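Chain order of the listed sequences is A and B. By full-length UniProt numbering, the letter at position 250 of the first sequence is numbered 250, and the numbering carries on one by one without gaps. By full-length UniProt numbering, the letter at position 140 of the second sequence is numbered 140, and the numbering carries on one by one without gaps.
Rather than coming from a laboratory, the hints here were simulated on the basis of the structure. Everything numeric in this text was worked out from a predicted model, so none of it was measured. A portion of the hints provided could be inaccurate.
Said to hold, decoys possible - Listed next, the stretches of chain B that the computed footprint assigns to chain A, with coverage defined by at least 3 CB atoms under 8 angstroms from CB atoms of chain A:
id	segment
1	25 to 39
2	63 to 77
Said to hold, decoys possible - No more than 25 angstroms apart at the CA atoms, straight line, and that leaves these computed lysine-lysine pairs for BS3-like:
id	chain 1	residue 1	chain 2	residue 2
3	A	K107	A	K27
4	B	K342	A	K107
5	B	K328	A	K229
6	A	K195	A	K290
7	A	K126	A	K107
8	A	K225	A	K107
9	A	K225	A	K126
10	A	K107	B	K328
11	A	K225	A	K198
12	A	K27	B	K328
13	B	K342	B	K328
14	A	K229	A	K126
15	B	K334	A	K126
16	A	K195	A	K184
17	A	K225	A	K195
18	A	K126	B	K342
19	A	K229	A	K198
20	B	K342	B	K287
21	A	K126	A	K195
22	A	K107	A	K195
23	A	K27	B	K287
Positions of the beta carbon are idealized from the N, C-alpha and C atoms, including for glycine.
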Amino acid sequence: MTAVALSDPVVGELRRILGEPYVLTGKADRLNRARVPAPFPVHRWAERMPDVVVMPASTEEVAEVVALANRLRIPVVPRDGGTGLTDGAVPLRGGILLDVKRINQIKEIDLVNRTCTVGTGINALKLNEVLAAHDLFYPDDPASYPCSLVGGRIGTSGWSLIGSRYGHTRDLVLSFDHVLPTGKVIHVGDGIGGKITKSSSGYQLKHLFMGHQGTLGVATEATLKLFPKPEAEFSPFWAFEDYDSAYRAVGALARAGVATFAAAVLFDEWKVDYLRRDDEAYIPQPSSVKALVCAALYGYDDEVRAGGRRLMRIARDLGARYLGDEISQGDWAARHDRYATPLHGRTRAGQVVPMSWHCEDASITYANLPAVRLAWHEIAAELRRTSDVFDDWGMFAYTNGSTGADYLTEIDIGIWERRLDDASWAAWVKAKRDLAAVALRHGGSISACHGSCREGEVDLVPEELGGGYDIMLAVKRELDPNNIMNPGKYLLDRAYS
Amino acid sequence: MFLEEWRDAAYNCFSSGHKFCREVCPVMQVTRNESWSPTAFHANVVAMEKGELEVSDVAADYVNCTGCGACELRCPNSLFTGDFYRFRTRTVDLVKAMRGLAVSEGVHQPGWQRWNRLTDQNSHEPVLDGVSQERVRDWADGLDLPVGGETILFVDCEAAFHRTSLPRAVARMLNLAGYTFGLMNEQWCCGGPAAEMGYGEQAQRFARHNLDDWRAHGVRRVLVLDPHDYITFTEDYPRYFGEEFDIEVVLVIELLASMVREGVLTPHVPVERSVTYHDPCRLNKRKGIWQEPRELLRSIPGLDFRDVDRVTQWSSCSGAGGGLAIEKPELTAKISAARVDKALELGVDTLVTACPWAERPLSEVGTIGVVDLHELLAESLGVGEP
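Full structure from sequences and hints, please.
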């Protein structure tokens, strides 16, 4: 255990490195960096406070802070947007919270090689506002697109809604400067890194330094792959009278092999019920509408039209009813804004209560989607039977790739965080473990995008990774000999016992 | 009382926690300090309710808001459920309430305390040395405007004492249109800035004075050229006075746009400038007024107008609002510089705005010409400053 109460000399040393304004010790400063959107009992909020917050402006400053922490055995927790859903950016043992949001400069836009190099504190939407002037875009597009930051995308190895067309964060980040837990700075990419998109030189280390949830260090400056800004977007939404028809249709659409295909999403009947609560697009839909599918195509106008016609034909042949241009365009445009709103929460008696959104995000093969869906809804129903704190907000399944092999499979559980006491928290942790077990039992992975280091699910990570988990322990021990980087995550204390 | 009023709203944000507000917030964009995000402003209320924080712990954090309202527009809670549940995110009001709570508990910000003390003494904000009640109508010297009448032009402190060419342009255009109006009998500051900085009692005292003055002199209609006044008169005054407040409040920009639309005024003098328009936050983000300014700009011959749409401009601000410029001028300067940089990227020579408070910090950046929309229109109507 490396938890310490930070002494004044440490704060003084941090101020020497960073300057007075960028070392924060106020309680509000610390409380506001002890949270992410994932629900947690409010009465335990202060347990996760760091001792001090630092806001470095450069790789060098990050390295100096981490080296100091390593020398003094003080926990360091990297935090960027703080929008993640698996607590990666939340300290479990106090220490130094390393907030990298100030490292957000655009260092270079390389129009010839189609890359840009940015500080990892930058947001993709803001970056795209600048890239638009060059008719380029960076297509890393999570539900949190308006607020997540590049560093967090690297630390979680994020998932993109339009990844079936453009790839996910791991494909889009070419290389980055990375501060190791000792304070040493390395450049990570394929081979030499930089702007190289493919190399066979040596071990493929880029993936190792993505998705570690800050347990292996901090990415500070990244080179990203850019694409032509799509000229056209087509995003049809279709209604179905039952889940099975919608399931068949989404599979057929994803397998069609249309080159401009960027995503397909399946909404099950629980999700449609949830949307009917307050969403003007769905309230007037006839009650026969039980499930929805949408697809998204991106590219040049002529290719999107051709691909769109093909998908429309496939859907129609499978019994789909097109919901019309207005809902289609509106809903796709609003996809980031609609991903959770607290007042969608309902008690069993139907009272509106503000609930936080929890999203499970397993990767499940197409064949196993129906079975996982039923098992997950049963777990959610059991939670709701025991307490008004929980509400089943339905399921989405999103294509992970262009061949339709597997899907980010999401069940959304509303949690009335204000009423989340110790007993209901324990019930939730058990449910998370059960949800993860269902995914593994069906050959899936616990997490497609958030990471899997929250209480409950994390217990099953060694089982999921098998012998690979022992490698994780060995790597952690080797790179972070004093267990200072984000200690307590992913059960990595086992590396030191 | 404060906690009772704001607890549910705070939890509503806390439960969402997505921080869509962060990247559109002008203060966040230049400071990157999460303690000053709209999300944190709500979360602190939850922490106060749980006994984790006192108002004195956070009062200084709440300085870092210009009251622009971008966060409210970008909030996923408001975007989709605002109308449905009658429960909008109201960060601007929350910030004002927290500032008010701080003042009521004796926690003052030094710059704001001084500013409001001087305003109280002089009945106008100390926008420059020598502000006094005797000089509040000096801007109108030589224009032969009557005092009183059913319709009066209310001129905010910055325009009345510092940006005097602006109200002069407005007066000349209204005269040209044959529109009858006068000056206020005894005009005091609207009280809005005091309310924004937490000095609620003073704000209401000033509002009372102005309303009493209007009623005593038969004023039925108040024309305003300042977006900040427009907020104060259409939101604060009705809240203070309820049904007693039966004054019609007219935004000069809307009046001018209707005059141009109806052919009462026709801009005809070519203005050879390339311009872009800075949407004043209180018009665009807080009142949804963005069409009329564009209508006016498009009516001016010779103008090369390169527009940036209103939604993109949610992210922009001059940094002058909400008292930020008084307590943290260095942040206002950074926000203004960022706004001017965006204008320069368009290759224009002039940044047009319609807010007297924005014009000083934007001009002080020094890299672009800053012109007020009213003055530009007056020039094209042939009644510009000689």
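A quick look at each hint next to the structure:
Remark: the segment 25 to 39 of chain B is confirmed as covered by chain A, as 6 of its residues place a Cβ nearer than 8 angstroms to a Cβ of that chain, reaching the required three. As drawn, the segment 63 to 77 of chain B meets chain A at 3 residues by the rule of a beta-carbon pair under 8 angstroms; at three or more, the given contact holds. Of the supplied pair hints, the one linking K107 of chain A and K27 of chain A is violated, its CA atoms being roughly 34 angstroms apart against a limit of 25 angstroms. Only pairs whose Cα atoms come within 25 angstroms are accepted, and K342 of chain B paired with K107 of chain A is accepted, the gap being roughly 17 angstroms.
Proposed proximity of K328 of chain B and K229 of chain A is contradicted: the alpha carbons are some 39 angstroms apart, above 25 angstroms. For the hint pairing K195 of chain A with K290 of chain A, the CA-to-CA distance comes to about 47 angstroms; that exceeds 25 angstroms, so the pair is violated. For the hint pairing K126 of chain A with K107 of chain A, the CA-to-CA distance comes to about 14 angstroms; that is within 25 angstroms, so the pair holds. Taking the CA atoms of K225 of chain A and K107 of chain A, the gap is about 14 angstroms. The hint holds against a cut of 25 angstroms.
About 16 angstroms separates the Cα atoms of K225 of chain A and K126 of chain A, which keeps this hinted pair within 25 angstroms; it holds. Our distance criterion of 25 angstroms between C-alpha atoms is broken by K107 of chain A and K328 of chain B, whose separation comes to about 28 angstroms. Taking the CA atoms of K225 of chain A and K198 of chain A, the gap is about 12 angstroms. The hint holds against a cut of 25 angstroms. For the hint linking K27 of chain A to K328 of chain B, the alpha-carbon distance of about 22 angstroms falls within 25 angstroms, and the restraint holds.
A hinted pair counts as satisfied when its Cα atoms are at most 25 angstroms apart, and K342 of chain B with K328 of chain B qualifies at roughly 22 angstroms. At roughly 15 angstroms between alpha-carbon atoms, K229 of chain A and K126 of chain A fall within 25 angstroms of each other, so this suggested pair holds. The hinted pair formed by K334 of chain B and K126 of chain A meets the criterion: a straight-line CA distance of about 17 angstroms does not exceed 25 angstroms. Of the pairs offered as hints, the one joining K195 of chain A and K184 of chain A holds, with about 22 angstroms between alpha carbons and a cut-off of 25 angstroms not exceeded.
Using a Cα cut-off of 25 angstroms, the hinted pair K225 of chain A and K195 of chain A holds, with the two alpha carbons roughly 8 angstroms apart. Restraint check for K126 of chain A and K342 of chain B: satisfied, since their Cα atoms lie roughly 13 angstroms apart, inside the 25 angstroms limit. Among the hinted pairs, K229 of chain A with K198 of chain A is consistent with the structure: their alpha-carbon atoms are about 23 angstroms apart, no more than 25 angstroms. Distance hint between K342 of chain B and K287 of chain B is fulfilled; the C-alpha atoms sit about 23 angstroms from each other, no more than 25 angstroms.
At most 25 angstroms may separate the alpha-carbon atoms for a hinted pair to count; K126 of chain A and K195 of chain A meet this at roughly 22 angstroms. Proximity of K107 of chain A to K195 of chain A is assessed by CA-CA distance (about 14 angstroms); at most 25 angstroms being required, the pair is judged to hold. At most 25 angstroms may separate the alpha-carbon atoms for a hinted pair to count; K27 of chain A and K287 of chain B exceed this at roughly 36 angstroms.
The structure does not agree with the numbered hints 3, 5, 6, 10, 23 stated previously, though it agrees with the rest.
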